[in-house]
Amino acid sequence: MTKRGDVLLRGRRIFLKPLSFGDVTQEYVSWLNDPAVNQFLEARFKKHTLATQRAYVKGFDQKTKFLWGIFDKKTKKHIGIITLYDIHPVHKYANYGYLIGNKKYWGTGAVQEAIAFVFDFVFLKLRIHSISTGAYAPNVASVFNYKKMGLSYQGTFKERLLYKGAFVDQVWYGITRDEWRSIRKKLAF
Amino acid sequence: MTLEKRIRSIMADSLEVDEGIIGDDASVHTIARWDSLQHLRLIMALQEEFSVRFQDIEIPELVSFRAIRDAIMAKLALHDKAR
Chain S
2 MTKRGDVLLR GRRIFLKPLS FGDVTQEYVS WLNDPAVNQF LEARFKKHTL
52 ATQRAYVKGF DQKTKFLWGI FDKKTKKHIG IITLYDIHPV HKYANYGYLI
102 GNKKYWGTGA VQEAIAFVFD FVFLKLRIHS ISTGAYAPNV ASVFNYKKMG
152 LSYQGTFKER LLYKGAFVDQ VWYGITRDEW RSIRKKLAF
Chain Z
7 MTLEKRIRSI MADSLEVDEG IIGDDASVHT IARWDSLQHL RLIMALQEEF
57 SVRFQDIEIP ELVSFRAIRD AIMAKLALHD KAR
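Protein sequence lines correspond, in order, to chains S and Z.
So the number in this note's numbering is just where the residue sits in the first sequence, counting from 1, plus 1.
So the number in this note's numbering is just where the residue sits in the second sequence, counting from 1, plus 6.
If you are wondering where the hints come from, they were derived from the structure by calculation, not from laboratory data.
Beta carbons are placed, not taken as given, at the ideal position from N, Cα and C, and that holds for glycine.
Honestly, I wouldn't trust all of these hints.
[As the list claims (entries may be wrong)] Beyond 10 Å from chain S on every Cβ pair, some chain Z residues (computed): (1) Leu43; (2) Leu46; (3) Val58; (4) Asp62; (5) Pro66; (6) Ala80.
[What the hints assert, rightly or not] Below, computed lysine-lysine pairings styled on DSS-like, alpha-carbon distance capped at 27 Å: (7) S:Lys159 / S:Lys18; (8) S:Lys187 / Z:Lys11; (9) Z:Lys81 / S:Lys159; (10) S:Lys93 / S:Lys78; (11) S:Lys159 / S:Lys75; (12) S:Lys105 / S:Lys47.
[Unchecked claim] Anything over 12 Å on all C-beta distances counts as not near chain S; from chain Z, calculated: (13) Met7; (14) Thr8; (15) Arg12; (16) Asp24; (17) Glu25; (18) Gly26; (19) Asp41; (20) His45; (21) Ala51; (22) Ser57; (23) Glu64; (24) Phe71; (25) Ala73; (26) Met79; (27) Leu82; (28) Leu84.
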């Protein structure tokens, strides 16, 4: 069983470990309050503090809901988070989300490595059958990442989300275990 | 310069890779460096070079040389038709 503090996955550039209270720093809180970082996150509708983030971390039991910190392997610096939730015990589906808060790591491929490791965990360890995620349609960088990771388009909720004063579409992407097995071989991490 | 050659050249510049690796099968899965930021840079360069505009919904679909070539050809054909 995975315990808090255990490193789950080590890659070329990053490693993941369950986030602990000790990882909830002012820097982490500042990401959630930063309009450049949170522009496509529901987090932008609230003011975040150390206390609210500790409560957030507490909400993940690492059994039915998972929260990992993404850390730079070289510097051990905390650069983001990735979550796994809505794990269905019968239908074996799950959803995931992520955030790279440290902007220096945008465009470095760190998030792709993190997603790959979480997918490996989801499909190989948890034996989940499919995983999905949704994005604001204007968030083309996120949707690009879905495509890069082999996810395919699942559908659109028309004008479901409020963004910059207008209702925009929410697009959903997903991947099955077999599809991941095939795409995984093509990835270099 | 042919359209394909122009696309390969822009892809190589934007993705900061050697033009030689932009073959017909080049895609986000064959070019590790092709990340979301490089992708946005690539889209902007393509729009400027070919005087076309991609919608938000089209941008994440342009994840291979073939997809880009087909999309540009379709846009240019529409443009010609409209003239």
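Hints versus structure:
1. Leu43: With a cut-off of 10 Å, Z:Leu43 comes too close to chain S, as the shortest Cβ separation is near 3 Å.
2. Leu46: It is violated; Z:Leu46 is separated from chain S by about 6 Å at its closest Cβ, not greater than 10 Å.
3. Val58: For Z:Val58, whose nearest Cβ neighbour in chain S is about 16 Å away, the distance exceeds 10 Å, so it holds.
4. Asp62: violated, 5 Å
5. Pro66: Violated: least Cβ distance 4 Å, not greater than 10 Å.
6. Ala80: holds, 19 Å
7. S:Lys159 / S:Lys18: violated, 36 Å
8. S:Lys187 / Z:Lys11: holds, 26 Å
9. Z:Lys81 / S:Lys159: holds, 25 Å
10. S:Lys93 / S:Lys78: violated, 33 Å
11. S:Lys159 / S:Lys75: Not satisfied, since the Cα-Cα distance of roughly 43 Å exceeds 27 Å.
12. S:Lys105 / S:Lys47: holds, 24 Å
13. Met7: holds, 27 Å
14. Thr8: Holds, because the least Cβ-Cβ distance between Z:Thr8 and chain S comes to about 27 Å, which exceeds 12 Å.
15. Arg12: holds, 22 Å
16. Asp24: holds, 17 Å
17. Glu25: Non-interface label on Z:Glu25 holds, nearest chain S Cβ at 20 Å vs cutoff 12 Å.
18. Gly26: holds, 18 Å
19. Asp41: violated, 5 Å
20. His45: The claim is violated: Z:His45 sits with its nearest Cβ about 5 Å from chain S, within 12 Å.
21. Ala51: Answer for Z:Ala51: holds, closest chain S Cβ roughly 15 Å.
22. Ser57: holds, 20 Å
23. Glu64: violated, 9 Å
24. Phe71: holds, 14 Å
25. Ala73: violated, 10 Å
26. Met79: holds, 20 Å
27. Leu82: holds, 22 Å
28. Leu84: holds, 21 Å
Of the numbered hints stated above, those contradicted by the structure are hints 1, 2, 4, 5, 7, 10, 11, 19, 20, 23 and 25, listed in ascending order.
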